[in-house]
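Use the sequences and the hints to build the structure in full.
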Amino acid sequence: MKSGCAISAKYSRTLIAKEIELGFLYVQSEARHAFPKKNSGVIVYLGKSREPIDLFYNSTHQRLFGLTNWYREVGARPKDKVTVEELAKHTFRLKFSKGSLDEEYSAEEVEEIVDLSGLTSTAKGDIVEDRIKEQILLFGQGLLSVYKPVSDSEGIDLIVVKKGVFQPVFLQVKGRFTLQRNGAFICDVRMKTFKPHHSYFLIAAYFNPTALELHDKILFIPTAIVEREGTKVKAEGEIRSRITTRLSEKTHSKWAPYIIDKKDIANKVLGKFKEMERYLK
12 MKSGCAISAK YSRTLIAKEI ELGFLYVQSE ARHAFPKKNS GVIVYLGKSR
62 EPIDLFYNST HQRLFGLTNW YREVGARPKD KVTVEELAKH TFRLKFSKGS
112 LDEEYSAEEV EEIVDLSGLT STAKGDIVED RIKEQILLFG QGLLSVYKPV
162 SDSEGIDLIV VKKGVFQPVF LQVKGRFTLQ RNGAFICDVR MKTFKPHHSY
212 FLIAAYFNPT ALELHDKILF IPTAIVEREG TKVKAEGEIR SRITTRLSEK
262 THSKWAPYII DKKDIANKVL GKFKEMERYL K
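Numbering (the numbering used here), first residue to last: 12 to 292.
Rather than coming from a laboratory, the hints here were simulated on the basis of the structure. Some clues are possibly wrong.
[Unchecked claim] Ranges of calculated distance between the beta carbons of each label pair, as one might list FRET restraints:
1. His72 / Lys106: 20 to 28 Å
2. Ser108 / Arg253: 37 to 45 Å
3. Leu130 / Arg201: 14 to 22 Å
4. Thr189 / Ser108: 25 to 33 Å
5. Arg253 / Ser60: 50 to 58 Å
6. Ala235 / Phe76: 17 to 25 Å
7. Ala134 / Ser162: 14 to 22 Å
8. Ala134 / Ser60: 37 to 45 Å
[To be verified] Below, in silico cross-link-like pairs of lysine-lysine (DSBU-like), each with a Cα-Cα straight-line distance of 30 Å or less:
9. Lys21 / Lys59
10. Lys48 / Lys106
11. Lys279 / Lys135
12. Lys29 / Lys49
13. Lys92 / Lys261
Beta carbons: idealized from backbone N, C-alpha and C, even for Gly.
The following block contains the structure:
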């Protein structure tokens, strides 16, 4: 097969971090007809190379494997682009180009590429809580310690203690792994066991499955505000307080005053300790 043969079809997609990390290319729906129907090898030319290589295509998960070294050579980063040119049956050329940081992924694309279906809701909750705990410890100036309660029957997920202060701050952490189609973040707080207190706060965070990390913006809300301002909805036979907003400083939702950078969690908590210290004196 000569690499200079005519191109029968061309497809382009935007890379996510997981593809680069594991060295595969996800083949989107409009290109799948050109690939084998069963797990099989395919012939691939990389960039301007005239030398073909054999790569493995997994038809079950629509992934073309064996691209780790190439991604490293071209300096691939999330949101860069790969164009797939179909040269002949099961023969392709891949071309790399730098992408824009403004590129967005659709919710369907994220769900297909990053399969988190094997994670239970408890496991997902633990992931988000651990990320929040890390932020508090990293930016807490060595003053803060974080503990997990043996039971979360009171809705408390993390207990934060400041050195020398024997009045903790309590946190309920709500994590979500998806956004609404319009980009809105939604979380519900069960009201049955929810008891607002001046030392008790809600942290609500979106875990971005394309980056496998928390979104830069999170919600840090006093529990009294959650109870008073949340939209009351009935779900699974109980009343919940619903929070709906875009996680952006530019949003005009009533939750905008409580949107902070995730790196500021520790400063927010330290500020609450200062307030409590005034009350305790």
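So, going through the hints one by one against the coordinates:
1. Taking the beta carbon of each, His72 and Lys106 are about 23 Å apart, inside 20 to 28 Å as hinted.
2. Take Ser108 and Arg253: their Cβ atoms lie about 42 Å apart, and the range 37 to 45 Å holds.
3. At roughly 21 Å, the beta carbons of Leu130 and Arg201 sit within the given window of 14 to 22 Å.
4. Evaluation of the 25 to 33 Å hint for Thr189 and Ser108 yields a pass: the beta carbon distance comes to about 29 Å.
5. Hint check: Arg253 to Ser60, Cβ distance near 54 Å, so the stated range 50 to 58 Å holds.
6. Remark: the range hint 17 to 25 Å for Ala235 to Phe76 is contradicted by a beta-carbon distance near 52 Å.
7. A C-beta distance of roughly 18 Å is found between Ala134 and Ser162, which places it inside the suggested range of 14 to 22 Å.
8. The beta-carbon spacing between Ala134 and Ser60, approximately 42 Å, falls within the hinted interval of 37 to 45 Å.
9. Between Lys21 and Lys59, the direct Cα distance comes to roughly 16 Å. Compliance with the 30 Å bound is thereby established for this hinted pair.
10. Only pairs whose Cα atoms come within 30 Å are accepted, and Lys48 paired with Lys106 is accepted, the gap being roughly 23 Å.
11. Only pairs whose Cα atoms come within 30 Å are accepted, and Lys279 paired with Lys135 is accepted, the gap being roughly 24 Å.
12. Distance check on the hinted pair: Lys29 and Lys49 sit about 23 Å apart at the alpha-carbon level, within 30 Å; holds.
13. Between Lys92 and Lys261 the CA atoms are separated by roughly 29 Å; this keeps the pair inside 30 Å, and the hint holds.
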